[in-house]
Structures are given as structure tokens and as C-alpha cells.
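Undergrad: The chain contents come next:
4 protein chains.
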Amino acid sequence: MQIVMDAEALNVFLAREFPQVAGSYRVERVDPQSVTARLTVDEANLRPGGTVSGPSMFALADLVVYCAILSRIGPVALAVTTNASIDFMRKPEAGRDLIAECRLLKLGRVLAVAEAMIFSEGGAEPVARCSMTYSIPPKR
Amino acid sequence: MQIVMDAEALNVFLAREFPQVAGSYRVERVDPQSVTARLTVDEANLRPGGTVSGPSMFALADLVVYCAILSRIGPVALAVTTNASIDFMRKPEAGRDLIAECRLLKLGRVLAVAEAMIFSEGGAEPVARCSMTYSIPPKR
Amino acid sequence: MQIVMDAEALNVFLAREFPQVAGSYRVERVDPQSVTARLTVDEANLRPGGTVSGPSMFALADLVVYCAILSRIGPVALAVTTNASIDFMRKPEAGRDLIAECRLLKLGRVLAVAEAMIFSEGGAEPVARCSMTYSIPPKR
Amino acid sequence: MQIVMDAEALNVFLAREFPQVAGSYRVERVDPQSVTARLTVDEANLRPGGTVSGPSMFALADLVVYCAILSRIGPVALAVTTNASIDFMRKPEAGRDLIAECRLLKLGRVLAVAEAMIFSEGGAEPVARCSMTYSIPPKR
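Just so you know, the protein sequences line up as chains W, Y, C and H, in that order. Residue 20 in our numbering sits at position 20 of the first sequence, with consecutive numbering throughout. When you read off a place in the second sequence, starting at 1, and then add 1000, the result is the number in our numbering. When you read off a place in the third sequence, starting at 1, and then add 2000, the result is the number in our numbering. When you read off a place in the fourth sequence, starting at 1, and then add 3000, the result is the number in our numbering.
Some hints could be false.
Unchecked claim - If the Cβ cut is set under 8 Å, some of the chain Y residues that face chain H in the computed set are: (1) 1024; (2) 1110; (3) 1111.
Rather than coming from a laboratory, the hints here were simulated on the basis of the structure. On a predicted model such as this, the values are computed, not experimentally measured, just so you know. Glycine residues also receive a C-beta, built at the ideal position from the N, C-alpha and C atoms.
Bound conformation, chain W alone (with noise of 0.2 Å):
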């Protein structure tokens, strides 16, 4: 399936409609396989012991797959998680960014599933797993 927005225009749109996430997460690679998306962790991502939180790891992962989505139906805000399982699996290295890369499994006319493996940068094994489904509205 083709790819209709790049990693630049989907860090635009990211920057337009979710002002609130953008300085944090970003977009680093679309390509036909896969969809990679950066964390830039900083202080209010911590928690005790300088590992990052789970809802911040939770938004990099929903992030990531929201825009593989986007990456081949453009930029349709409303499509929204319907559910989400994550595996937290090991405690991320600190003073590291987190790197989440997302797989889509399947993209229907009605709902999307996708994969994301989140790593702490460089290293060789996952901190966490999610797979989501997406809703997507009609269109008009």
C-alpha cells in the first residue's frame, strides 16, 4: 500500500494538532514496513529509580501507531484507540530516548490493528510491547 504522508509531514501535522505532545515525540522514519517513532525523555517522563514511565511509553507507542496509520490514509484526526494491550517487559536504561517501532497488521475499511516494539535507544532487546486497534471514521 502506498505511503501517503512522510515522517516530515506527519511531525507537521503532529505539530499543528497536538501541540502538547510534539516537542517530545517524533517522527523519525516511514517506510513501507515499518513506522519509527523517538521519545526524547526528560524529567517528567521519570519516575523513582530514573526509569520512564508507563504512561509515557503509553503515548509512544499510541503515538507511533496512530501515524503509521496516518502514513497511508493521511491526515484523518478522529481516528481513535478502541483498545490497547502492552507488555512492560524490562526497566528502560536511564538518561536513554525510547524508540518505538510499529508494524501495521492489518488496515481495514473500518478498523486498523498494529504492533509496536519499544526500545531504549541502542539496545538489543524490547522494554516494552503494544498492539492497538484504531477506529476509522468514515469517510465523508
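Guided by the hints, dock chains Y, C and H onto chain W, whose structure is given.
TA: Leaving out everything else, chains Y, C and H in the frame of chain W:
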């Protein structure tokens, strides 16, 4: 099972251990069947259309489950979420706080399982439901 | 919302449409808040140690959610599960049937969400919990 | 990590410990990156319209994850599923076996996490995906 931390004790603990979130999230009630927490919704939690963001709802669910566990085992800061599954079912009502009610389903030696139902304050139908597993560190 | 199929109507429907399972699984009660179903446990459902297999519990959860939806919308055989999340929390008691109680959380035009709690008959604490999303085919 | 049970050893183990399922489910391949299993589809697995039932797919995912764990830790019959999340994405093709490919994401001392992708044999796109957590009993 006995309650060892009440709402006030939990809020004091959150303010000390999680100062980043303690301003927005607050435990409202602890009773033998359930624990209730509130997210005071402000600009940072909102998305286009006035809805509350998914990650903010996830954070509320995570907090209420964490507090439900601590209410029974005491201030074990290092209990960590290992799995979460969340269904977003309805759009939260604009301008309302979110209320989460948590029920502990299992409190084992190693794992705890709970579910949380999230409502717009005053609303009859849940906007989201979440089930979570926490890993409880061994006692020293 | 109105109940359009009661327990008897659902069991007749299951016997006709799903003869492979109708011998073991049975709807026990349909009321406005919940639907209850039973798995009559026999050899085929057991695993080493006398426990009921995970897939048999999954099948029971799937059936009770399906019947909860049909109890409100009528005999739509083609409603399909799109997502399920299940927590296995305790070992079922040997020699007891399993009872599942289902609560419908959302019945939308396209998606329905429900949760089921599974107990060993007579047991106070759930052996498993499950949340499921069903996709409802458009009306012709 | 080392492989301690290969496909043949796993099939022998299944035949001895799980005679009810060993006729239909079979490990096909064990390699360092993944474990593959097959469900030979017959009447008992089918639903109206010729599709494979959800519980049969769940059982296949459960089996391939279980075998992926045993392939690394040896014949520990008492490892048990604690959580599963499954997305059913496409209707399996009629008259085809199902093939599940499992990747172990974490093998900890207490918990293992894996994901399985299920395909109709010869199909390019997954019909279902599943993530599972297993609890591993302490060594005696």
C-alpha cells in the same frame, strides 16, 4: 484482607514519590471492595475536540491500580506494571473530571491483577475499562 | 435496553448453529445486567493436575459474551470476536463446572465490548477474567 | 540462549502430557529466533461459514508459546498462562491448516513473554496475533 493505607496515606505517598503526577491525580476513597481516584482534567490532558487523551486515561488507570495494591501491602514503591489491556469505549464528556474505580481481583505473592472502570464524573456509562497485572517485588 | 433472546432462545440457537459446542456450554440466565453460562467440565477440557485448559476457559468467555450480545440484538450469527484479553488468576477446582458471568459494557452500532468473570461453581473468587470486543455486521 | 528441546522432543512431550490435543497440534520447527506449530484443521475446529473457531486459534497460540518456552527451559509441564491478548484480524481460509510462528520476547526467572502470529497455510497476511505471559514455576 486488611486495608493498611487509607486515601490520605496514599496521597501523602504519591506527593512524595511521584511529584510530577500528584497535582493532577488524587485518591478519593479506599474501601474493602474498591479504590476510587480522580483525574482533575486540565489543558495538558486534552486533545482536539475537547476529549481527554488516551495516555491520561491510561495513567489514571495505572495509578488507581497501583494505589489499590498499596492499600493492602503498604508503600512498596517498586511494584511495577507488567501488563495492561485497555478498552476505550466512549468519548469523555468535555469539562468533566475523570473518576476511576478499581477492584482488586487477585493479590498473590508475586502478581496482582486488578481492573479499573473509568467514568466522566457524574456519567452512568464507563468511558474506558482497563485490566492490569503488577509484579510485586519479593520482601527483603 | 430490551432483552430480545432469553436463555432458552439462546440455547436453541446454539444447538442449531454450533452443534460442536452446544453439548458442553449452556446459557443459564439472561437478565438486564448480566448473562450467565456454564461449562460442563469433562475429560476433554482437562489438563495434567485436573485443571481446566486455558482454551476451554477462553471458549466459555467467548460464548458468554457472544450470547450477551445476541440477547440484545437477536440471532446475528456473523458477529465476530476482534479482540480478547484474558487473565488466568487461579487454578479452577477439580471436579467443578465453570460458571461465567458477562456484563455488556458497550453495545455500539459497529462494536460491542463486554467483560466476563469465570468462577469454579460455588467458588467466591474468579479463576479468570476476560474482556472482549465483537464486531457487529451492518444490517441489511 | 540455547535450545534444549527440538521439534521432535516437544512433540514427544506433547503426546505424553497432552494426549487430547497432540493429534491436532504439532510443532514444525524450532530455531533460535522462532518456533513454528501447525493446527491440522478438521470439523471440530470449524464454525458456520467454514471458518476456524476463535478458541482453536487461541489453543494454537497457547501451544506455540508454551513450546517456545519449553524449547529453552526444558519439559516444565507446570508453566501456566497468566495473560493473553489476541486480535482476530482476518477470516482464515477454508480448507487450510493454520500455522503459528512464535517469538520469545522475554524469558525471565518468573515470567516469560512471547508473541505469536497465525497464518492460513500459504497466506501472506496474518489472520490473528497473540501476546502471552507465562508464569514459570520456581526450580526445586
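Undergrad: Restraint: residue 1111 of chain Y near chain H, CB-CB cut 8 Å. Satisfied or not?
TA: 7 Å, holds
Undergrad: Please check whether residue 1110 of chain Y passes as an interface residue: C-beta within 8 Å of a C-beta belonging to chain H.
TA: At about 6 Å, which falls below the 8 Å cut-off, the nearest Cβ of chain H leaves the hint on residue 1110 of chain Y intact, so it holds.
Undergrad: Interface hint check: residue 1024 of chain Y, Cβ to nearest Cβ on chain H, cutoff 8 Å. Holds or violated?
TA: 28 Å, violated
Violated hint for the displayed structure: number 1, the only one.
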